[in-house]
Amino acid sequence: MTWLAKPTLHHPSLPTNRLGYTRRDYEGRVSTLCAGCGHDSISAAIIQACWELDVEPHRVAKLSGIGCSSKTPDYFLGNSHGFNSVHGRMPSVLTGANLANRELLYLGVSGDGDSASIGLGQFAHAMRRGVDMTYIVENNGVYGLTKGQFSATADRGSKSKRGAVNADSAIDLVLLALQLGATYVARSFSGDKAQLVPLVKGSIAHRGAAFIDVISPCVAFNNHAGSTRSYDYVRAHNEAVNRIDFIPKRGEITADYPPGEVTEVTQHDGSVLRLRKLAPDFDPGDRIAAMNYVMAHQARGEIVTGLLFADPDAGDLHQRLGTPAGAMNRLDEAALCPGAAMLERINASLR
Amino acid sequence: MKRIEAVNDFVVKFANVNGSGSASANELFAKSILRMGVPVSPRNIFPSNIQGLPTWYEVRVCERGHLGRRGGVDLLVAMNPQTWERDLAEIEPGGYLLYDSTRPLQPSKFRPDVNVIGVPLTEMCNAAYSDPRERQLLKNIMYVGVLAALIGIDPAVVAQLVGEQYKGKEKLLTPNLDAFRKGHRYAEEHLEAALGLRVRRAAAVGDRIFVDGNSAAALGCVYGGATVCAWYPITPSSSVAEAFQRYCSKLRVDKDSGENRYAIVQAEDELASIGMVIGAGWNGARAFTATSGPGVSLMTEFIGLAYFAEIPAVIIDVQRGGPSTGMPTRTQQADLLSCAYASHGDTKHVLLFPEDPHECFAFAAQALDLADRLQTPVFLMSDLDIGMNQRLAAPFAWDDARRYDRGKVMTAEMLESGREFGRYLDVDGDGIPYRTWPGTHPTRGAYFTRGTTKDGWARYSEAGHDYVANVQRLLRKFDTARTLVPAAIERRAAQPTPFGAIHFGSTAPAMAEASGELDARHAHVDTLRIRAFPFGEEVERFIAGHDTVFVVEQNRDGQLRTMLVNELGVDPARLVPVLHYDGTPITARFIIDEIGARVSGANVQPITRHKVA
Chain A
1 MTWLAKPTLH
11 HPSLPTNRLG
21 YTRRDYEGRV
31 STLCAGCGHD
41 SISAAIIQAC
51 WELDVEPHRV
61 AKLSGIGCSS
71 KTPDYFLGNS
81 HGFNSVHGRM
91 PSVLTGANLA
101 NRELLYLGVS
111 GDGDSASIGL
121 GQFAHAMRRG
131 VDMTYIVENN
141 GVYGLTKGQF
151 SATADRGSKS
161 KRGAVNADSA
171 IDLVLLALQL
181 GATYVARSFS
191 GDKAQLVPLV
201 KGSIAHRGAA
211 FIDVISPCVA
221 FNNHAGSTRS
231 YDYVRAHNEA
241 VNRIDFIPKR
251 GEITADYPPG
261 EVTEVTQHDG
271 SVLRLRKLAP
281 DFDPGDRIAA
291 MNYVMAHQAR
301 GEIVTGLLFA
311 DPDAGDLHQR
321 LGTPAGAMNR
331 LDEAALCPGA
341 AMLERINASL
351 R
Chain B
1001 MKRIEAVNDF
1011 VVKFANVNGS
1021 GSASANELFA
1031 KSILRMGVPV
1041 SPRNIFPSNI
1051 QGLPTWYEVR
1061 VCERGHLGRR
1071 GGVDLLVAMN
1081 PQTWERDLAE
1091 IEPGGYLLYD
1101 STRPLQPSKF
1111 RPDVNVIGVP
1121 LTEMCNAAYS
1131 DPRERQLLKN
1141 IMYVGVLAAL
1151 IGIDPAVVAQ
1161 LVGEQYKGKE
1171 KLLTPNLDAF
1181 RKGHRYAEEH
1191 LEAALGLRVR
1201 RAAAVGDRIF
1211 VDGNSAAALG
1221 CVYGGATVCA
1231 WYPITPSSSV
1241 AEAFQRYCSK
1251 LRVDKDSGEN
1261 RYAIVQAEDE
1271 LASIGMVIGA
1281 GWNGARAFTA
1291 TSGPGVSLMT
1301 EFIGLAYFAE
1311 IPAVIIDVQR
1321 GGPSTGMPTR
1331 TQQADLLSCA
1341 YASHGDTKHV
1351 LLFPEDPHEC
1361 FAFAAQALDL
1371 ADRLQTPVFL
1381 MSDLDIGMNQ
1391 RLAAPFAWDD
1401 ARRYDRGKVM
1411 TAEMLESGRE
1421 FGRYLDVDGD
1431 GIPYRTWPGT
1441 HPTRGAYFTR
1451 GTTKDGWARY
1461 SEAGHDYVAN
1471 VQRLLRKFDT
1481 ARTLVPAAIE
1491 RRAAQPTPFG
1501 AIHFGSTAPA
1511 MAEASGELDA
1521 RHAHVDTLRI
1531 RAFPFGEEVE
1541 RFIAGHDTVF
1551 VVEQNRDGQL
1561 RTMLVNELGV
1571 DPARLVPVLH
1581 YDGTPITARF
1591 IIDEIGARVS
1601 GANVQPITRH
1611 KVA
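If you're matching them up, the sequences are chains A and B in order.
1 is the number of the first residue of the first sequence in the numbering used here; add one for each residue after it.
1001 is the number of the first residue of the second sequence in the numbering used here; add one for each residue after it.
None of these hints come from the bench; they were simulated from the model.
Hints should not be assumed to be uniformly reliable.
Simulated coverage check for chain A against chain B, where a stretch passes if three residues somewhere in it have a Cβ under 8 Å from a Cβ of chain B [what the hints assert, rightly or not]:
(1) 49-58
(2) 83-96
(3) 152-166
(4) 192-206
(5) 279-287
What follows is a list of derived Cβ distance ranges for each label pair [as the list claims (entries may be wrong)]:
(6) A:S169 - B:T1325: 53 to 59 Å
(7) B:E1189 - A:R351: 55 to 61 Å
(8) A:A348 - B:Q1082: 39 to 45 Å
(9) B:D1428 - A:K161: 27 to 33 Å
Small disclaimer: the values here were computed from a predicted structure and weren't measured.
A virtual CB, placed ideally from N, CA and C, is assigned to each residue, including glycine.
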């Protein structure tokens, strides 16, 4: 981390997006994470994605649990409200926040300890409820803030920095998300910004529960030989199934690819995810096939990355609850209170 | 043999088998007396069971209006062979036993000092109906018919109630009325003057309503503007969320668009339900959860966060006995300490103590205002006795001019005008800071919410002086709460007295009855009904004004007394605990016994009857 204060003056030639904001307007406070931490790259990808998407920073609510990853919402989108909540409980807080005002974008940031151990239940239920959100797990296989204990996503047989071997099976959050009904599921690597930024953009445009598991090496406690979450290991075993271009609805599609090499996913807001196939036998529209593919490749020690599943017509919790189109936190007495005359009728029915 | 003779003042207890359909018949009995203008207070005593275990329904009929449990049974309707012996033992000498005489019983099965009324209910049902389920269900209505004839309930009143209940369901209406009439006719023909208990028309009910506290609390949340309800099923609170759903589906659906102006989520557990409530409160919606003691235990980490992060939340705690199952279907007031000081670190929370469904409604709506005003969790401390029993209460009231108090929320206009915004600054001296809702302004008012590690501007700070300044402000805020919560209500005894009694919640009806009786016995005791925590000045004054103050509670450890000692610095020797905690609702007899015996120089006749009677 650095103790240098960020300069507040912007260079006049910094490019602006359609809202007139520079990329710097999407930044937050200076990170307090270790130099080289994968999490900072993910924060940078979120900043890039929001800037490119012309997201109004104050229309994002960023929520997290507890842990290194959960500290990061302070380090991006400084003009957004953030909530560093309870360990493993971000999904429920985000769900409630989302119910109160569906007009904001909800970004949940969590870690593997936060989501796969203490918060596994809340992770699962947020997925199956279809809460409209982007849920990013910054997955390093280790507890950073408490200095290096294995997390539940650590692979069996992987070694800790102190030499201990993990004897327990790993929880794969991507497979869980697929099984539980998440409608946008991806895995990426913090060191692959070209893949991560469009995946984040696609998740923001998605309506429903969007989950991205981002392998994010911990330089302090999990970047050694014998770790399966180190930069070297992930680079050597990364098996990307597709390359993604995110095309906003107003954008023109310019690049041409031979037929059969590209899959397009048009989401409910009209934006298009253009997927250049890297694995010819992979179809991101088939949930069951995606689970099979991920499991088969992981059995060979490969880390499958890319957009693994997307249902562009997915609904969300609000749709299922039949709530109003606008924010519920704006409803006033006139909309909510049945009034004294109705109460008299209720009284009469209770005599 | 002695016969208890009473008009409009007796207790009937029904002993039934759970799941046999007795609940609606028993309610019909209670309501028909109410319609005769005579107050009743029924209580369910039920097991942790869906079908087969014993369940009881106890109805106190009392024209003088006492709604607390009296204790003792004047007429037992014995429909459950499993509990025959202990049911029989509860009947007052000279009381009555109504039983199904289809199968003859040995004389040794009865008590010589109890008047026995046999009705061949099974035989009559088997003769009249062929469907097995119908035979079982209609037996209940049949004994209501017998009772109506014996006690003097107007059959037209019952017919009207049955008509209301099965409006539009002729298939059910006809056999129910038929069974009622069969029972009624049998009693008229065979049981003349068998019972010395009578109901006589009166005008003692007035405009009061008959409703359970959980429904009332749910309706209070509808009127109070709650839009988000997140909950997890737990007895005895589940019917709060279910009633909220029921009321919302009638009262909160947009007629034109069909949109639901509410969101109800049955969460995966209590941790998630309170998390959702806090997320919604943080984001500007009014939200609540309903739970009981074990749920509060699970929620405590979140409650601490909401206290320090200053997020509105309403928690309806319908209190019950202990963990697991069994006693949890009995009533207690035993969550006071676990709620008042819930969570890690130095925390204190606002508690409201409703006495009946009327206050469940009013306090639920007020809790939503208080939570927004104080930006903190607020507990509505109901209990099983209030929550799951229908109780006669003053009608619900609402003033259409009332506006929701959304508290100190800084708007985009205020931010635009250049008002300084520091999330945790005490700008008004009341300890309550301004907050912003997410999404308010493009460049001003955003902040990062976290626990205690912050300064007045919500910037990350681990500095000791920032921490101290913040938690001292939280104490000032709690002082402000003292002035906003419902004040305690004092009742003066007939004569000046050095004795006082403090009580709260569901003890109220028993205490009111006991006060009158103690006055009549010249054992004068002033009473104070506490309605909220933090305690107002009137509580301090009341204690200061009496040499000895009894603290009447339905828990083992005197939890309210502990709080009074702790918060007000009262000499513990002056606070005498009067505790009732066997799971049955407290009775006036118990209070008179406990207090009357200790009021020195008073002319009290101690009652020797078993305490829980």
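Hints versus structure:
Judged by the Cβ-Cβ criterion of 8 Å, the region 49-58 of chain A is covered by chain B as claimed, because 3 of its residues qualify and three suffice. Counting residues of the region 83-96 of chain A whose beta-carbon sits less than 8 Å from any beta-carbon of chain B gives 11, enough to reach three: the coverage restraint holds. As drawn, the region 152-166 of chain A meets chain B at 0 residues by the rule of a beta-carbon pair under 8 Å; below three, the given contact is violated. Proximity of the region 192-206 of chain A to chain B, defined as three or more residues with a beta carbon under 8 Å from a beta carbon of that chain, is not established by the 0 residues found.
Proximity of the region 279-287 of chain A to chain B, defined as three or more residues with a beta carbon under 8 Å from a beta carbon of that chain, is not established by the 0 residues found. A:S169 and B:T1325 have their C-beta atoms about 34 Å apart, which leaves the hinted 53 to 59 Å range violated. Between B:E1189 and A:R351 the beta carbon distance is about 33 Å. The supplied range of 55 to 61 Å is therefore violated. At about 40 Å, the CB distance of A:A348 to B:Q1082 agrees with the hint of 39 to 45 Å.
Between B:D1428 and A:K161, the C-beta spacing of about 52 Å breaks the proposed range 27 to 33 Å.
Violated hints, in rising order: 3, 4, 5, 6, 7 and 9; the structure is consistent with all others.
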